[in-house]
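There are 4 protein chains.
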Amino acid sequence: MSVQPRLRDLGITIGALPTGPGNAITDVTGVAVGHVTLSDGSAQTGVTAIRAHPGHPFRDKLPAAAHVLNGFGKSIGLMQVAELGTLETPIVLTNTLSVGTAATALVRHMLAETPEIGASTGTVNPVVMECNDGAWLNDIRGLHVSEDDVLRALQSVGPSVVEGNVGAGTGMSCYGLAGGIGTASRVVTRGPRRYTTGALTLCNMGRMEDLRIDGRPVGRQLVERLAAEKAVKQTDGREQGSIITVVATDAPLDARQLRRLAVRAGAGLARTGTHLGSGSGDIMLAFSTAEPLPHAMPDDPEYPRRSLHEDALDGLFRGIIEATEEAILNALLAARPIVGNKKRRRRSLAEFADLIAGG
Amino acid sequence: MSVQPRLRDLGITIGALPTGPGNAITDVTGVAVGHVTLSDGSAQTGVTAIRAHPGHPFRDKLPAAAHVLNGFGKSIGLMQVAELGTLETPIVLTNTLSVGTAATALVRHMLAETPEIGASTGTVNPVVMECNDGAWLNDIRGLHVSEDDVLRALQSVGPSVVEGNVGAGTGMSCYGLAGGIGTASRVVTRGPRRYTTGALTLCNMGRMEDLRIDGRPVGRQLVERLAAEKAVKQTDGREQGSIITVVATDAPLDARQLRRLAVRAGAGLARTGTHLGSGSGDIMLAFSTAEPLPHAMPDDPEYPRRSLHEDALDGLFRGIIEATEEAILNALLAARPIVGNKKRRRRSLAEFADLIAGG
Amino acid sequence: MSVQPRLRDLGITIGALPTGPGNAITDVTGVAVGHVTLSDGSAQTGVTAIRAHPGHPFRDKLPAAAHVLNGFGKSIGLMQVAELGTLETPIVLTNTLSVGTAATALVRHMLAETPEIGASTGTVNPVVMECNDGAWLNDIRGLHVSEDDVLRALQSVGPSVVEGNVGAGTGMSCYGLAGGIGTASRVVTRGPRRYTTGALTLCNMGRMEDLRIDGRPVGRQLVERLAAEKAVKQTDGREQGSIITVVATDAPLDARQLRRLAVRAGAGLARTGTHLGSGSGDIMLAFSTAEPLPHAMPDDPEYPRRSLHEDALDGLFRGIIEATEEAILNALLAARPIVGNKKRRRRSLAEFADLIAGG
Amino acid sequence: MSVQPRLRDLGITIGALPTGPGNAITDVTGVAVGHVTLSDGSAQTGVTAIRAHPGHPFRDKLPAAAHVLNGFGKSIGLMQVAELGTLETPIVLTNTLSVGTAATALVRHMLAETPEIGASTGTVNPVVMECNDGAWLNDIRGLHVSEDDVLRALQSVGPSVVEGNVGAGTGMSCYGLAGGIGTASRVVTRGPRRYTTGALTLCNMGRMEDLRIDGRPVGRQLVERLAAEKAVKQTDGREQGSIITVVATDAPLDARQLRRLAVRAGAGLARTGTHLGSGSGDIMLAFSTAEPLPHAMPDDPEYPRRSLHEDALDGLFRGIIEATEEAILNALLAARPIVGNKKRRRRSLAEFADLIAGG
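Residue numbers (the working numbering), protein chains in the order written: chain A, 1 to 359; chain B, 1 to 359; chain C, 1 to 359; chain D, 1 to 359.
Incorrect hints may appear among the rest.
Derived lysine to aspartate or glutamate pairs resembling EDC-like cross-links, with alpha carbons at most 20 Å apart [unchecked claim]: (1) B/343 / A/116; (2) A/342 / B/116; (3) C/342 / D/302; (4) D/343 / C/351; (5) A/230 / A/351; (6) D/342 / C/116; (7) B/342 / B/116; (8) C/230 / C/40; (9) B/342 / A/116; (10) B/230 / B/354; (11) A/343 / B/116; (12) C/343 / D/116.
Because the hints were derived from the structure by calculation, they are not lab data.
One chain only, chain A, in its complex shape:
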């Protein structure tokens, strides 16, 4: 697959902080991402899996928290994350109506890896999040994602992240263009410490006219261009999409702090122009890889942990805002033109290089 340019390749830099080596969520050591893409006629959908650390996700849980900016969505697993502050499975992204299938597959995956679940210990909390690709490109009523697709996505995870309309992003639309998966990262230093924070976004929100690139109203120019070409057609003008943002950091944040971090991803989202429509389920999930929490309680119920002073959060907040904004734009740039269900089309932002560059 030839590689599309990313935002920085076009000379556009979001914010001021340095990126990690890959400018991706996988710059956070141990994070791995994989896709299974289903792209065949009316079936334009898929699965994206995110493994949060290389250890056993259930036996060594990670601190985690979610922020529900708009709860018009069908995710599973976030209630327990909110209560216990931990993530105990890989994260799976898919289309809205395939959440049940993905949850079952993720349960099977965890049962296979973990004989004690449901036997000598309790159950497991699968985390699956979704966007609705059925509003335009995918025949979502077809329930095309199988449990096997989910298992294959889980097995395919690795350190490089393919962006654009792949995996769960295959049939997604964003600002009236082809949408999907994007990622970015930032590095902040504080005293002797250096932390990497990354975002991965599943982008399926926004109306074309609202798109902003680093503050510039590129969407309005796009609408004019396409009106002149008599080319664009959106579903019904409502913002229906949704966006899922997964945030990883190697800073030792606890669940409360991770929720605060997740909240800030919303500011990066807002800067791309969306008005957070009623129908757009906007969810952020953040985890820290710094120190796993053991599932099994030792004889001494206390154990030492590293903690981050609250005043050190500001740099991380700035980083996740920048990374989220850039991840969304990277998704748009990487997505290729696509024809899906009922011959509906979405064009690629990359086709409009002159507008992006500020022409």
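With chain A fixed as given, assemble chains B, C and D onto it according to the hints.
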């Protein structure tokens, strides 16, 4: 199936308010309940379906709200209920690891009933809640619930509620005894108005020693009795279970008020003696049948609704506390002695009639 | 002041766990409590101050969390506690309309102790909670509490807790009787660790008929007794009161875990019989004295902390449920008969020793 | 007072929706705003009062909801707003350490207007919100705001809104410049209905380098300009400020929908460039003037209300995002250069007209 006595048949009355005609959640007109029971050797589990009103659940939604007393659980659908304040599918209860399967089946059920979902309108939010029957009686790793079981439960709903270890309650344990499904209702009047409120509980929580019946420490007596008989064995002494409480009312409450009502169910739960263990996911979901909300927006976006003055909530609060406490005790009384996975057993509270009666 | 008997002196034990040496919140080392009582004719109100640890509350903050069981209340400070997970002032309790005065006094107290606040660092978050003593005994419109009263309460804190209608509890009513301040504690062991958890309640809720003592329906008996005496008169039959519960523990809980602990106090409350009326603001605030968090960030933003495994919470949950239930009953027993605003009266539970004892 | 140009006078339009006649929160009929400004040497602070409707605020309450984007703040009254979904007093804004004084004054104001409070009915929930003007311009330790100042602000409310460093905004800093009060409004139509939504912001957040005006990085240009002039000095580079946003609408939203509206104000805030620093308490409070809710319950506890279909929210969401962004920029433009505590200075954005205009 011969009918077990219910709590009132034993001369025990919880609280002071009158019950509805069936002392069941189905006293709220239009509510219907059905079970599919899977009870065969190591498979001791099932499905319970609750239809909230006889109309189309998606096209005519009901105001709804959840309260998460303890979020150590794997339910799906509550995030959107919290955001939009509406219920748009039947409610399905099952075991923890079958939530994905139940969600998929519920989606299929809704797609079949509703051609516009995922086509000319958005997606649908399946509500599935669960308890963990794998801690003792059910081989939960077997994933014994099929999509067809869920569809059969949805088709079987009716106005009478079978209680005890049936449906989703088949393999549940409660206070160290056979647990499962229970129900009760209360009627309150306020000026010219008369409202019915009902609870259905899926009971899987509590340690035997903690059980209280109308305040009396029956659990401690049970422990003594069984110790003398050298009979009881619990898993590991931890409170791992969970309880789901579904609350229906015909009073015209909005989502905010329904959340307040759901919170009070927790007081009924507390009075049965549980200490709300860390591992016990305790969730309440409440809905009002008074006035459905239309899915489709009319030309005029405003429409009239009936509203209940906040000061009229007190009677409803008292009612749901009484009904929840009684529903739990009804579940215990109706559950029959059971042998399940690995020949593990649970006895029935009904075997100890002398203790219940205050002897 | 002669000492009233406490619940245990009457032979009634709530639950099974051992108490701390004083069966009081001050069994948690470092916690100190003080009262200023204003009892003169129509003015029946006051202030209770709780110092959470002997160190500087702002420079060395404590992990803390609140649970709002019913938000019909006018507390100040809980929003920041929820966001940052820390307590940085003593806690002040008073009547509803004096919260502003108490907050200003607490700010003055903190400014005097802490020259850097509002100068070289940010501001301070005063925590003040309240119940409405104006429903019956106090002329709350008189705004009788002065800033000086609050400062005197802060200065008077010590290791012994006077219970009953003193301090903020002076004009409170509970289950139709004289209410006020009560306390209790529990000790739990887990492996090599031993933790003390205590509750202090400001009790102003409940209708007489609902009162339960260790499960027994003493309230119904009281109503009958008083009806026979033609003696009782309540305001208007609505549950209007409110209850504030302050929870202290020396276990190393973080803010998320402290919220979970605070939630369980609600179960202790429920067991005393209240139906959590719409007008009753029921708030719990929990803090841990195990390890203060430094206000100032060191050069290295990371520091080590002790953490408690989640599975170790169950004992603490049981402890706080028991302690809260007992604290409420201790408040009722300690409160003396009182005549207040408009010659309104409340009798003392202690007058009905025969009913309490189960006669 | 000569009138400063507002953003639109400079030819800059935020978004696409039309404004109300005054482009102010008072375009929502019945809303009135008043200021008391304390500007004398080291005392640079004040009070802003917002009356939500011309009726009696307690007897006829308005539906209301708050969104806490960052809870690092000391507001009072929001807990009850969250529980009951109503506003029952005017809203008062002031500095952080004067919240107690303002609450007491607001209580006195309500007691004077409402003899039944604390007598024949319950208490009253004063709503006071704040930002910290002590970080730079005001001697906040001086507690300069008196109860009388608050009462005067309440008495001074009217239909025109003075913007800039007046009232509660007197000593506020925003993006390293003089900050304070700004306002804007938008009108949306939906079928036969026409709704006005307005925002009033108390602006005290942001670092200069982050400021964006309609997407353009004006802040970076400002920093360069001032560096060349060797002119600027900020406190310590941390984002410490806070922003309060009050949202009014005449659309018939219930409390749940108002919370959703309040959430969107955060997107307008994000577009002005702030990274939502840990120390910046960012709170939104929204109310609807469409239909008051009566305090007293009639004999029939049900009453009819108008309700807005959820799909009609999108226009309102877009409107409040635009209005909030514009209100913040209006505040910056209206604020005059100021010298405060310790001779510290803030310059006015209006001094840099060439940069604002895109030069």
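Hints, verified against the model:
1. The suggested pairing of residue 343 of chain B with residue 116 of chain A holds, with an alpha-carbon distance near 19 Å, which does not exceed 20 Å.
2. Proximity of residue 342 of chain A to residue 116 of chain B is assessed by CA-CA distance (about 15 Å); at most 20 Å being required, the pair is judged to hold.
3. Proposed proximity of residue 342 of chain C and residue 302 of chain D is contradicted: the alpha carbons are some 34 Å apart, above 20 Å.
4. About 66 Å separates the Cα atoms of residue 343 of chain D and residue 351 of chain C, which puts this hinted pair outside 20 Å; it is violated.
5. For the hint linking residue 230 of chain A to residue 351 of chain A, the alpha-carbon distance of about 16 Å falls within 20 Å, and the restraint holds.
6. For a cut-off of 20 Å, the pair hint linking residue 342 of chain D to residue 116 of chain C stands: about 15 Å separates their Cα positions.
7. Between the alpha carbons of residue 342 of chain B and residue 116 of chain B the distance comes to roughly 47 Å, so the proposed pair goes past 20 Å and is violated.
8. Simply put, residue 230 of chain C and residue 40 of chain C have alpha-carbon atoms about 27 Å apart, too far for the 20 Å limit, and the pair is violated.
9. Restraint check for residue 342 of chain B and residue 116 of chain A: satisfied, since their Cα atoms lie roughly 15 Å apart, inside the 20 Å limit.
10. Between the alpha carbons of residue 230 of chain B and residue 354 of chain B the distance comes to roughly 19 Å, so the proposed pair stays at or under 20 Å and holds.
11. Distance check on the hinted pair: residue 343 of chain A and residue 116 of chain B sit about 19 Å apart at the alpha-carbon level, within 20 Å; holds.
12. Simply put, residue 343 of chain C and residue 116 of chain D have alpha-carbon atoms about 19 Å apart, close enough for the 20 Å limit, and the pair holds.
Hints 3, 4, 7, 8, counting from the list given before, are not met by this structure.
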